[in-house]
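Peer 1: Generate the whole structure from the sequences, applying the supplied hints.
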Amino acid sequence: MAAAAAALRYLAPLGARLPPQGRAAGRLLQQRRGLRLSAPAAIQVTVRDALNQALDEELERDERVFLLGEEVAQYDGAYKISRGLWKKYGDKRVMDTPISEMGFTGIAVGAAMAGLRPVCEFMTFNFSMQAIDQVINSAAKTCYMSAGAIAVPIVFRGPNGASAGVAAQHSQCFAAWYGHCPGLKVVSPWSSEDAKGLLKASIRDDNPVVMLENELLYGVPFEMSEQAQSKDFVVPIGKAKIEREGTHVTLVSHSRPVGHCLEAAAILAKEGVECEVINLRTIRPMDIETVEASVVKTNHLVTVEGGWPQFGVGAEICARIMEGSAFNYLDAPAVRVTGADVPMPYAKILEDNCIPQVKDIIFAVKKTLNI
Amino acid sequence: MFISQEPVFVQDTTVFLLLSLPYHVTISVVLYFMYPQASRVVVASRNYADFASEATFEIKKCDLHRLEEGPSTTAVMTREEGLHYYKTMQTIRRMELKSDQLYKQKIIRGFCHLYDGQEACCVGLEVAIKPTDHVITAYRAHGFTYARGVPVREILAELTGRKGGCVKGKGGSMHMYTKNFYGGNGIVGAQVPLGAGIALACKYFGKNEICLTLYGDGAANQGQIFETYNMAALWKLPCIFICENNRYGMGTSVERAAASTDYYKRGDFIPGLRVDGMDVLCVREAAKFAAEYCRSGKGPILMELQTYRYHGHSMSDPGISYRTREEIQEVRSKSDPITLLKDRMVNNNLASIEELKEIDVAVRKEIEEAAQFATTDPEPPLEELGNHIYFNEPPFEVRGPNQWIRYKSVS
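Chains as they are written, first to last, in full-length UniProt numbering: chain A, 1 to 371; chain B, 1 to 411.
To be clear, the hints were calculated from the coordinates, so they are not data collected in a lab.
One should not assume that every hint holds.
[To be verified] Result set (DMTMM-like, lysine to aspartate or glutamate): computed pairs, CA atoms no more than 20 Å apart in a straight line: (1) Lys239/A - Glu397/B; (2) Lys298/B - Glu68/B; (3) Lys207/B - Asp91/A; (4) Lys408/B - Asp287/A; (5) Lys141/A - Glu397/B; (6) Lys179/B - Asp206/A; (7) Lys236/B - Asp96/A; (8) Lys207/B - Glu63/A; (9) Lys236/B - Asp206/A.
[Unchecked claim] Computed beta-carbon distance windows for the label pairs: (10) Arg61/A - Glu369/B: 47 to 53 Å; (11) Glu274/A - Gly223/B: 35 to 41 Å; (12) Lys207/B - Glu223/A: 41 to 47 Å; (13) Pro236/A - Gly251/B: 48 to 54 Å; (14) Thr56/B - Tyr75/A: 52 to 58 Å; (15) Ala42/A - Trp404/B: 20 to 26 Å; (16) Gly272/A - Phe396/B: 53 to 59 Å; (17) Arg406/B - Ala164/A: 39 to 45 Å; (18) Glu223/A - Glu397/B: 42 to 48 Å; (19) Arg61/A - Ser296/B: 30 to 36 Å.
Just so we're clear, the structure is a prediction, and the values are computed from it rather than from any experiment.
Glycine is no exception: its CB is placed at the ideal position from the N, C-alpha and C atoms.
Peer 2: This is the structure we're talking about:
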């Protein structure tokens, strides 16, 4: 059986039809054998596959959507996010570009201005710095400057932040940089549901969206609910998610550190400290209301991010909490856990100590709770 | 004027003379003695049959790069076309001069890059393409904004920052937009990849549209332009790259900025032509040639328009520290695009001087009225401050200078 399945998969490019997977398989069984099945359960899906599904579904749904970037087509994507898409959709919808970030980003923005809906991939967001003028001055500001005459429905996506051993020039987090600019929306998924739902929402959004993925999360499987497996599943931009409810302290995070926060919460729970873990999901517009409501409940705030501390996401959260009614409910100053304020070193021991670890989060929680 | 040669008695001469002339000339002669003012109006309305309906002109041959043939060296212009080109160029000229005036009165602020001297470029290009084609340019954009259909009053009101401006006062001089016109772009060279992207969309949608992507001699040295040349050629995008070479990038002459000033060759593998940008017919013929090339699917093509700006780089630049007054005067007297067209029309009996003067008067009036509107229209309401951050978005709040000041943002 397995061998036959493997053989079929090998022949797929030649046109052999694979047996349906997942829900479709269930339906088929139902039809052919007249069986009644229980509702399909949640399945494990990696972030990579979730992104791939999102791209596939949106390319199919709207002819104006197309993907461009380096190695996205024939190489199946530098990180295999766009695997199979060029084969399915062809040159018109999935375009390999030369190594010309400023040029192809500008081309993508121009295409969006003229009515297409491009998904512009940066191999990593570090390379987006070469094209940042097009992202900010051409994409973010145009709707405003034109008093709404010209829309720029574009998605800029790619891996952001630290990876493993890629050193200083390939490890920077751009959440604060892009989150700073009005006219952009900035999203930062953690789980597979986040990734799929936010990418679909971003593509359907008529505004320029920067989607900050994380390379180390690509291969991580997450449970994906039945609802999330639907072709119409979107995660609304601008709404945070409470991943874990708690009463003693609020942990706010985005992207990979959300996982570290949950680990820290599990360890702290054994000591009787119940952490509420908030996954921001969107950097801009930030859902500060969810954070405020949580702080009102727990009276303690710890922000966790991978980026550098100065002028970062955590700094913004702290400032906004101070400005709002939640300030009166804080029993201790808010605390930030961030990347170390240095360019990323290469050696493993150095790198490990430059990114926020579970122990750093636990330490910060205990400090703020004074335990 | 046709005068009868028939012998008549002296006392009848006047009557016979009058009767032998075309009737409206007769009236004008009579009126001249009775109502000198009125006669001037009548004298100008010569019979349509007096003018030629069209004329053929020799135009300068274009220098070619990687092209076997170039645009035609003769151009046919009808009387209607001539009058249209004249009126459009004159309107742009007067609009720019009015902007100069308003700027010096501090009614226009910030950046103001004027286009007078370069009118033949935007007019020649516009009449060679269709309204469904696309245009994008840099910051010296007022002429294109008008040519693409935005009324003068909306342009001036945008410059003066009023709510009646074409983008409600949100953009200003460098950010004016209309259908199929993507500005007005402030970052030097950034509009070039954008233009190629618009051309990509043209190809994608398959409606046989093209995009004119303009930049200056200064911008021509930007790296992103060369990245764009590569991709446009690789993907055969229907993009006409147009370098408006007015000899100076701000205060730097072309010789001081470029190792090669043959801008029409800088596209390397992209065919190019160098065009006399002061001759509206030359620009028109070259643009028609280039448009046909693009529409045939051959890919991008490059045009260098050799032109000149009378004003400095912007209103803060007197424009004489890096060039001589003599040079400016020489261009004005020998190559002014409007004078060139006027002379052509008059010498080839396509229009009379009086008729063109009438157009001048009408244009002045239009500009005056537009300026009046632009100086009296109210500024945008404060509520406008927060609007148009996003497109097609439910209303939300935008932060002002402190946490208590909030603006509503609607799309």
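Peer 1: Against this structure, judge whether each hint is valid.
Peer 2: Here is what the structure says about each hint:
no. : hint                            : verdict
1   : Lys239/A - Glu397/B             : holds (15 Å)
2   : Lys298/B - Glu68/B              : holds (14 Å)
3   : Lys207/B - Asp91/A              : holds (19 Å)
4   : Lys408/B - Asp287/A             : holds (17 Å)
5   : Lys141/A - Glu397/B             : holds (17 Å)
6   : Lys179/B - Asp206/A             : holds (18 Å)
7   : Lys236/B - Asp96/A              : holds (14 Å)
8   : Lys207/B - Glu63/A              : holds (15 Å)
9   : Lys236/B - Asp206/A             : violated (28 Å)
10  : Arg61/A - Glu369/B: 47 to 53 Å  : holds (50 Å)
11  : Glu274/A - Gly223/B: 35 to 41 Å : violated (55 Å)
12  : Lys207/B - Glu223/A: 41 to 47 Å : holds (46 Å)
13  : Pro236/A - Gly251/B: 48 to 54 Å : holds (51 Å)
14  : Thr56/B - Tyr75/A: 52 to 58 Å   : holds (57 Å)
15  : Ala42/A - Trp404/B: 20 to 26 Å  : violated (45 Å)
16  : Gly272/A - Phe396/B: 53 to 59 Å : violated (40 Å)
17  : Arg406/B - Ala164/A: 39 to 45 Å : holds (43 Å)
18  : Glu223/A - Glu397/B: 42 to 48 Å : violated (36 Å)
19  : Arg61/A - Ser296/B: 30 to 36 Å  : holds (33 Å)
Of the numbered hints given earlier, the model fails hints 9, 11, 15, 16 and 18; all others are met.
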